[in-house]
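Chemist: As a plain string of letters, each chain reads:
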Amino acid sequence: MTTLKNLTEDTTTTRTLLHEAIPITGSIVSGTYNDENIKNYTHGMLQSVYDYPYLSSSANHIFDITTGISTQSPLYSSITTVDAQQAKKKNIYNQMAQLLVGYDVTGSVLQFDEDGNIIAGGYKIDDAIIVPFSRLLAKDEIKKESFSLELGVDSLYAQPLNKRITISDVSASTEYRVNSPVGEYGILYATQSAAGVGPYLNQTSEHTASIGGSTYWYAGLLYYQAGIMVLTASVFGDQLRTAGIGGVDLEYLTGSSTTETISGSITGSTIQNIADGFRHRIYNLQFNNTTELNSTIYFCRANYNEFNYSSNPTYLENSRVRVKNQASDAPVSYITTVGLYNDNNQLLATAKLSEPLKKTPSNEFTLRVRLDY
Amino acid sequence: MSYYKLKDNDLFINTLEAYPDVKFYIQSVSIYIDDEAYISGTTSDNILGVPRNYTSLYEYNINRSGSYLDVLDDPNPVIYPYVIKNGSKSSFKNITDETYNTAYSVGDEIPSTYNLSASITRYYITGSNVSTASFGPDSFPITGTQNFYFRALKNTINYYKYLSPHYDYDMINTGSAVNMITIPSIFYGSRIRKGSVNLKYYITGTLAAQASDYRYNGELVQVSGTTTGSVVGVVLYKEGFVLLSSSLPIDGNNIEYEQVSQSAWTRFGYGANDGKGLGQNHLLTSSASPLSASYVLEFQGTNKVQTMTMLCKAPEGELNHSNNPTYLKNSTKSWEANSSGSVSYVERTRHIKNIVSASYNDIEPPMQKETYISKIALYDKDRNVIGYAKLATPVRKTEAREFIFKLKLDL
Chain A
1 MTTLKNLTED
11 TTTTRTLLHE
21 AIPITGSIVS
31 GTYNDENIKN
41 YTHGMLQSVY
51 DYPYLSSSAN
61 HIFDITTGIS
71 TQSPLYSSIT
81 TVDAQQAKKK
91 NIYNQMAQLL
101 VGYDVTGSVL
111 QFDEDGNIIA
121 GGYKIDDAII
131 VPFSRLLAKD
141 EIKKESFSLE
151 LGVDSLYAQP
161 LNKRITISDV
171 SASTEYRVNS
181 PVGEYGILYA
191 TQSAAGVGPY
201 LNQTSEHTAS
211 IGGSTYWYAG
221 LLYYQAGIMV
231 LTASVFGDQL
241 RTAGIGGVDL
251 EYLTGSSTTE
261 TISGSITGST
271 IQNIADGFRH
281 RIYNLQFNNT
291 TELNSTIYFC
301 RANYNEFNYS
311 SNPTYLENSR
321 VRVKNQASDA
331 PVSYITTVGL
341 YNDNNQLLAT
351 AKLSEPLKKT
361 PSNEFTLRVR
371 LDY
Chain B
1001 MSYYKLKDND
1011 LFINTLEAYP
1021 DVKFYIQSVS
1031 IYIDDEAYIS
1041 GTTSDNILGV
1051 PRNYTSLYEY
1061 NINRSGSYLD
1071 VLDDPNPVIY
1081 PYVIKNGSKS
1091 SFKNITDETY
1101 NTAYSVGDEI
1111 PSTYNLSASI
1121 TRYYITGSNV
1131 STASFGPDSF
1141 PITGTQNFYF
1151 RALKNTINYY
1161 KYLSPHYDYD
1171 MINTGSAVNM
1181 ITIPSIFYGS
1191 RIRKGSVNLK
1201 YYITGTLAAQ
1211 ASDYRYNGEL
1221 VQVSGTTTGS
1231 VVGVVLYKEG
1241 FVLLSSSLPI
1251 DGNNIEYEQV
1261 SQSAWTRFGY
1271 GANDGKGLGQ
1281 NHLLTSSASP
1291 LSASYVLEFQ
1301 GTNKVQTMTM
1311 LCKAPEGELN
1321 HSNNPTYLKN
1331 STKSWEANSS
1341 GSVSYVERTR
1351 HIKNIVSASY
1361 NDIEPPMQKE
1371 TYISKIALYD
1381 KDRNVIGYAK
1391 LATPVRKTEA
1401 REFIFKLKLD
1411 L
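Sequence order for the protein chains is A and B.
Okay, so the first sequence: first residue is 1 according to this note's numbering, each after it adds one.
Okay, so the second sequence: first residue is 1001 according to this note's numbering, each after it adds one.
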């Protein structure tokens, strides 16, 4: 029998955090698909990376790569050729900075700060490699202290992954920053990777912090809700990286006959070329994301003397209750569905049981109905 | 920027009903969904990460392999979801209470997998299983797991008797075989569209028989072949079942199905995830040929999408002023600067920029207030922006023009 009961104190709301582990192997973004999963655009302002050749309908966009340069950068005035896209690099930096960092009291766009402490000043990130992750992967936010990027820093372009550093948001679960217009962000630090022998990081660098007694090198910023990584180009330069690994400057890019350092790339190459070089040096990238699931739980209680009859036509046989042979027999019903009604007794939703529950006057149930949204 | 309230005739909520085509082609125990071929990946047999014959529900792990257990060892490991065990007792459906309580400690990751899939499944319910046993007041088959699935549909089948007398459990369950094909709702949405079901039975590539529900009442009527005109089965539109009970031969040749026999509608879909292989455990008779039948099951699903339509009016003589700084002339000359003294603050006069097009360079046309409408914002009752509609190109709004912008929102 359909009976309506008021839910008074029988509802509660919960929030569940669902995570995903996202591994991105370096060979996927550079190598396996012969760059058929890399989309370049005629505007030349960014490069899109897919997890499969992008002409396939199955391919998913995973992240973009672009480059920005601040007008405060010493390299800025060295960009003289049209191919080096000075204006576009500057506009990208400013666009990203005003979105992610904001403005000062005079209305000027603030620069990316390497330790996130804008008021204290300190070093700024002048030349940045910016990686916005797809919303498909970042979901509501990147999980703090789950990010890890292993980069090859060997000088030789042909075998860049022989010497590697790891960039991670170590200690970010407690040490994240909140002074961004787009939410929380963490500091990315570089450390020596297990591969090869070191040290590959500049031991006399001024861009270091001590965490838990260990030295870490400032490498960039990770915006968790926005899903954007801002990496300082210095991870490929001598400010962070030990000068002259392998005996020569880092060959960030290589053409048919020439090689370029990271500084030379920023001042002389296109954004697309810089993105190619960055992909070429990704050994492994992984992070976890978070999705918030909000739920309302309705506790639907069937007391011993309730819901023992049914208005289902099959409940009757020859105008008698089918399950009772004599008047003293206990009624029986099978609960299959719980309906949720609004104030006007209009049915809003139904919850189905995987199998019917036998309900008699000798038992009671509390059915937990969860509505996710 | 001005606010306008949407009135009754400015806002509609409609339901858009779409009928997507779905096609299953079954051949040699393989299923091709919507004629899509399988793509082998470098790290997985099927780039979608699900078994062949199935569609991937997430299409998330493209050409990835392995499970969450060996995620570090694979060349292109999978993405997997997990929750962290805590006081909220949230978990995945496939984690039993016992596993949840015993296998994980608080703070542990409880992993799951994204490689969920769906496909049609054929159940061949034989006569011996159907009729040899009894249970309870009615005669029910109890042997064979598949029979329980069919038995569970008894009330549902009989309920639709108002559509056709062929919706009769006892008529379908005649004691011989019943061919039941289940279709997951991911393929058809809220219901299979009436009149769209089409079954084609090919033998060695030639169409031997075809059945359709062209009467729109759920009856599957043979429309070509030897027994044209006869009802060979029924469709449960909302539940996603095709029930075929006709064992009349549609072709004279023997083919190796479950048993070597002539083709009939009860054999339709042989090999569709029914556990049958190309070669059965019996020897071919001299008069039988290896499996050479193929099948097409096609229909239209029903997807209902609620859409909200809003008519946003830009009346004559309104919306011709903008608060955009570029709307005003940008002349900040010293004699036009704001002046302030000990008792007053006087803002300088700012002039609206005249952007009226003129045919001559040296004569300024008469001033008209014009704006370019580039976007429309939707606000809630507390004037919080809850949505934007952007125009492909800005629309020139003069005082003499009026526009109605039609905004559509899928709910």
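I should point out that these hints are in silico values taken from the structure, not numbers from a laboratory.
It is possible that part of the hints are untrue.
Partner residues aside, some chain B positions facing chain A, computed with beta carbon under 8 Å [unchecked claim]: (1) E1059; (2) N1076; (3) I1355; (4) V1356.
Output of the computed footprint for chain B on chain A, the stretches with three or more beta carbons under 8 Å from beta carbons of chain B [claimed, not checked]: (5) 56–62; (6) 152–166; (7) 224–230.
Each residue gets a CB set at the ideal place from its N, CA and C atoms; glycine is no exception.
Chemist: Quick check on the hint: V1356/B CB to chain A CB, less than 8 Å?
Modeler: Not OK, violated: V1356/B not within 8 Å of chain A, min 32 Å.
Chemist: For the hint on E1059/B, just tell me whether its beta-carbon gets within less than 8 Å of chain A.
Modeler: Since chain A brings a Cβ to about 6 Å from E1059/B, closer than 8 Å, the hint holds.
Chemist: Does I1355/B hold up as a contact with chain A if the rule is Cβ-Cβ below 8 Å?
Modeler: violated, 26 Å
Chemist: Report holds or violated for the interface hint on N1076/B, using the least CB-CB distance to chain A and a cut-off of 8 Å.
Modeler: holds, 5 Å
Chemist: Counting residues of the stretch 224–230 of chain A that have a beta-carbon nearer than 8 Å to any beta-carbon of chain B, does the count reach 3?
Modeler: Since three or more residues must qualify, the claim that chain B covers the stretch 224–230 of chain A is violated, with 0 doing so at under 8 Å.
Chemist: Would you say the stretch 56–62 of chain A counts as covered by chain B, given the rule of at least 3 residues with C-beta under 8 Å?
Modeler: holds (count 4)
Chemist: Do three or more residues of the stretch 152–166 of chain A come closer than 8 Å to chain B, measuring C-beta to C-beta?
Modeler: Check failed, 0 qualifying residues.
Hints 3, 4, 6, 7 from the list above are not met by this structure, while the remaining hints are.
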